[in-house]
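Protein chains in written order, with numbering that gives the first Met the number 0: chain R, 0 to 236; chain L, 0 to 236.
In case anyone wonders, no lab produced these hints; they're calculated from the structure. Honestly, I wouldn't trust all of these hints.
Listed next, the in silico DSS-like pairs over lysine-lysine satisfying Cα-Cα at most 25 Å (straight line) [said to hold, decoys possible]:
| # | chain 1 | residue 1 | chain 2 | residue 2 |
| --- | --- | --- | --- | --- |
| 1 | L | K59 | R | K40 |
| 2 | L | K59 | R | K223 |
| 3 | R | K59 | L | K59 |
| 4 | R | K40 | R | K59 |
| 5 | L | K59 | L | K40 |
| 6 | R | K59 | L | K40 |
2 protein chains.
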Amino acid sequence: MTVWDRPEPPTRPAPLDRGRIVAAAIALADEGGLEAVSLRKVAALLDVGPMRLYGYISTKEELFDLMVDHVYAEILPEERPGDWREALHGLAHRTRQASLRHEWLADLLGGRPALGPNALAVTEATLAAFDGLTDLDTVMRAVETVSAYVTGAIRREIANLRAERATGLSDREWQHASGPHVTRMLATGRFPALATFVHEGTEVEPEASFATGLDWVLDAVAAKLDRPAGEPFRITP
Amino acid sequence: MTVWDRPEPPTRPAPLDRGRIVAAAIALADEGGLEAVSLRKVAALLDVGPMRLYGYISTKEELFDLMVDHVYAEILPEERPGDWREALHGLAHRTRQASLRHEWLADLLGGRPALGPNALAVTEATLAAFDGLTDLDTVMRAVETVSAYVTGAIRREIANLRAERATGLSDREWQHASGPHVTRMLATGRFPALATFVHEGTEVEPEASFATGLDWVLDAVAAKLDRPAGEPFRITP
DNA sequence: CTCATGTCGATACACTGTATTTTGGTGAGA
DNA sequence: TCTCACCAAAATACAGTGTATCGACATGAG
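Can you build the whole structure from these sequences, using the hints too?
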C-alpha cells in the first residue's frame, strides 16, 4: 500500500471568499471586457454554483464596485509624495496605467462614487498632500477638477484605443485614409475647420496628450493656490 | 351613410424610420435609465415586432450612438460664439444641461468616439472659434482638455445625484449623519484628512463647483494661448 | 392568373441576473 | 444508535435579454 495506490483525497476547493470572487471577475474582465463578466462565468471559474456568490455579494453592481476598489490598490502611492503637485501628477498617471492594464476600468470610472477602502485611502493620501496649504474649499476644487480631467481623458483614450483596434487603423490614419462615414461628411464641405484638422493635424502619442493636458490643469491649480482665499485647512489629528 | 357609420380605416401606423426609433428609445431612457432600453420595449412602443428594428439599426450599440447624437443637437450652439472662451464655456454648460435632462447621457459620454453628424457639428463649431488664434496642436489640446474635464465632472455629478436619490440624503448630510460604511471607516482614524473634510467641509452647489472647475481649466487654456507655439492655424475654406 | 421577391412577424436560441425550491449532510437530543 | 431539525449548497425556475433564422403573406411583374 504505497502513496501511488491511495487515491488523492478529493481536493476540497479553496474556501470561497470575496477576494477569490473579485480576482476571478477581474481575470474575466481583463480578458474580454466588462461584458464578459457574468455571475455564471465567475462562479464556473471557481467551480461553484452561481448562487453561491450571493453569499458574498448581493448584486452584480456590488461586484463591479469591489473590482474597482481592488484596482484602486494599484493606484495607491507607494511613498508619500513631496508636494501636492507630485501627488496629483502621480495619482493621474497611476490611474491611467491601471486603466491600460484593466481597460474595463475606463467604463466604470466616475460611474458611481468610489467609497471602498482603497479608494478612500487614495483620496486620503491626495488630500493629505495639501495639508496647511489653502482653505478647504480650494483643496476640494483642486482635487475634483483634476480627477474630472483624469476620468474624462482616460475614457477618451480607451475609447479611441478600442476604435482603433476595431478598425485596425490608428485614429488619424483612419480619418485620413477613408473612415467611410467621416470622410463622406468632410467631403460635404460643412465642416471646414474639422477638415483642416484632419488633413493638417499630426498624430500625437496618447500619453503625451494626456500628460500635457494634465500639466495645464495642474498649472491652473497652482495659480489658484498662490492666492489663498481663506483659513488654510489643517488636518485635525 | 355618414362618416359615423363608416369605420375609421385601420390607422396604418406611421412608417418606421430611425427618427421614431431613436425618439422611442430616448423616451424610455429618460424615464428609466439606459437599462430600461431594450429592443423589445422600443419595438413595443412603436407597435412593431422587435426584429423590425434591425432594418434600421444593426446592433443595440448603434442605437445608443444614435441616441447620443440626437442629444448632441441640443448641445449645438444657437449662435456663433464671440470668442473661444465663450465657445468652450457654452459647450460645457450645454453639455451639462443636456446630461441633467437625459441622465443616461452621463453613462455614455466619452464611452466611444462621437462621430454622428451633430457631434461633428459641435466639434466644428468649437474648433472654428479658434480660427487664426494659435497653432493647431494647441487648439487640439485645449479642446480635448476641456472636453475631458466636462465629461469627468458631469459623470461625477450624475453619480452623486443618483447616490443621493438612492439614499434620500445629500452627499454631505449622508457622510455627516451616518453613511454607515464611510462613518465606520472614518472612525478607524486611518483617514484623518478625509475626516477633516467631512466634518468641516460645507455643502457646495453642484453647478457652482462645475462652473469654477471649468473656469480654472479655461484659465489654464488662456494662459497657453497667450504664448503661441507655432504657425497659427487657419481654416482652409 | 401565376410566380418570384422581398418584407415582416413569429419562433428559436443561448444567455443573463436573481428568486425559490430541493437536497444532502451534519449536529443535537432521545 | 437512531431520528429529527437545521442550514448551507445545489438545482431548478423565471422573466427577461440581444439577435439568427425561418415561414407566411402581400405585392408587383410577366
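Hint-by-hint comparison with the structure:
1. L/K59 <-> R/K40: Within the cut-off at roughly 23 Å; holds.
2. L/K59 <-> R/K223: Judged against 25 Å, a Cα distance of about 45 Å means the pair is violated.
3. R/K59 <-> L/K59: Cα-Cα ~21 Å, so holds.
4. R/K40 <-> R/K59: It holds: about 12 Å lies between the C-alpha atoms, which stays within 25 Å.
5. L/K59 <-> L/K40: 12 Å, holds
6. R/K59 <-> L/K40: 23 Å, holds
Consistency with the previously given hints fails for number 2 only.
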